[in-house]
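Could you slot chain B onto chain A? The hints should help.
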Amino acid sequence: MATREQIWNTYVAETIQALAPILKKGGYILDNEQPHVVGERFLMQAVTTTSGKKLILLGTRIADRKRVVIKVSNEKAGISELKEERKVRHALKAIRFAYRTFNSPKELFWGKKKGYAMFIQEFLPNSPTFLERPVKEQFDLALSAFKGQEGAHATTYAHQRFARRYFNEKKAGDYITSFEGFVQYAEQNRIAEDLFKLLQVTLMYLKENKTDIERYQGFLTHTDFVPHNFRVIDDSIYLLDHSSIRFGNKHEGWARFLNFMTLYNPDLEEGFALYMRENRSLEERHSLKLMRLYRLGEIIYYYITAEERSSGDLKMLNHERIYFWGCVLKRILHDEKLRTNEREAYIKKRDALRSPEEKMRQKGLH
Amino acid sequence: MRILIATPLYPPDCGGAALYTKELAKRLSESHTVRVLHYGHLPEKIEGVKTFSVSKRYPLFLRLPSFFFFLLKEIRHADVLIAENGPSVELPVLFLSHLTSKPIIFHIGDRDAHEYAQKKGGLRKRIEERAFSRAKTTLPQTPISRPEILPFRPHPTEKMTKYEESWKTHLTRLTHLFSYGN
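Protein chains in written order, with my numbering: chain A, 674 to 1039; chain B, 329 to 510.
Fair warning: there could be bad hints in the mix.
Said to hold, decoys possible - For lysine to aspartate or glutamate, the following EDC-like pairs were computed, each having C-alpha atoms within a straight-line distance of at most 20 Å: (1) B/Lys487 x A/Glu951; (2) A/Lys844 x B/Glu372; (3) A/Lys820 x B/Asp440; (4) B/Lys373 x A/Glu887; (5) A/Lys809 x B/Glu476; (6) B/Lys373 x A/Glu866; (7) A/Lys809 x A/Glu943; (8) A/Lys820 x B/Glu372; (9) B/Lys378 x A/Glu758; (10) A/Lys786 x A/Glu810; (11) B/Lys354 x A/Glu951; (12) B/Lys373 x B/Glu351; (13) B/Lys373 x A/Glu881; (14) A/Lys820 x B/Glu476; (15) A/Lys697 x A/Glu780; (16) A/Lys766 x A/Glu748; (17) A/Lys883 x B/Glu372; (18) B/Lys490 x A/Glu956; (19) B/Lys354 x A/Glu956; (20) A/Lys1003 x A/Glu866; (21) A/Lys962 x B/Glu372; (22) A/Lys787 x A/Glu748; (23) A/Lys779 x A/Glu748; (24) B/Lys373 x A/Glu951.
What the hints assert, rightly or not - Covered stretches of chain B (in silico footprint by chain A; criterion: 3 or more residues with CB under 8 Å from a CB of chain A, positions within the stretch not fixed): (25) 338–346; (26) 380–386; (27) 478–490.
To be clear, the hints were calculated from the coordinates, so they are not data collected in a lab.
Glycine residues also receive a C-beta, built at the ideal position from the N, C-alpha and C atoms.
Just chain A, with the same shape it has in the complex:
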């Protein structure tokens, strides 16, 4: 029986084979190497969006040798996700109640050919990557993007009508319901008792503090705001992935970013902690904590599902990931910092268990 990885690889090869002549006719050629379809890509399924199967390919426009990114799908859910993403992308330019506008790469083509929905946009270089930049610059860029997002606050009846028309919306009760689902799933999959208890305690904490989540709902938020989903061009952030933008708690995007930085750049995480302490209200800081807890529950849930779907070293790696993020959850819940040795021990294990393809995929990604 074919493994999930084999099924994915077959899907990728068939899609590329079918797509190449269609693209050529339209004036585009595909690169020989496609970094965004290898490694652990076969396991990835966004937990925050509609999760359709889609490929992100790199290519060139023949006429002017311009590099392009091609998002493509021939499956119902994938096509629907591409359509949604495009709708959100256009709606972002039309939010009248936003203080700032949002940058996106230029759209070059959108259409359906021979059953494939294709969205082609200009390629934006990722050099230097976000994490290669000085930490002060990283902080300024991220803060500016968060301020841009929180500047779009759907408060009035008319704002909310607009938001509902173009974006998904998540309210305080929805976060609690989702987290209940994570806990239930963890129980069904018999994770270690102490981690399960930690998830239960976190759920209770979220329920008790639901008002602090509700206070900051109705804000535009990019729920997957991490370096591989944006590019920095001339000191401005360009969003690459629009499928994770919705109206929800304003700290949902912050939370994802800071949880990511706990692992990848703790100095930046610490910088944001200082910023929040010195410049934002107690309620805001608490809302951010609650959202970080929520997102950590979500990532643990994600890796439980990934562990189930993987084998060999990758299964072991996913197991390690569950307990690493569990450790981060415990620290955030108790207002503690993750210890350096905890982070380093995990990174060591991760690097030993990651496949060479995944290591290649990660190169220059963040």
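Just chain B now, kept in the frame of chain A:
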């Protein structure tokens, strides 16, 4: 003194006008009894300051009368009303001004709303002008924005001193208005 502040914007709303109102309420509450009436839901709290909210989610024809009736009720417990500019406050305050003798001070905290009213003209401008004309005074000055304390940079000590000074001047001016008018 008992002070009622009426404002269209209040945190968790973003922007200078919302932050100004919260800071004003906080600073005034150190020596006065302060109540805040605002549009919104679940405001950020200040110890010792009572807040009243009118949901922005109501359609306009419901939220304006609601705000007006709250104002009418709360003005009885106040010696002075500080109203922030913006049509959603200007209109109810305009009606209220015919029913109360309590002094009203309008503060132009939202410059964008003010400039928009002036530029657009018509009803929006007339509402603003009529509301301002019913006030004891209109205060266009706003203290400078609080400088942000940022990581990886030195503390903005000098800017912070200027910020404190601008608030001191602002509060002195306001207190003077409470006592002596213009």
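Hint check, failures only: Of the numbered hints, 6, 9, 10, 16, 18 and 23 do not hold.
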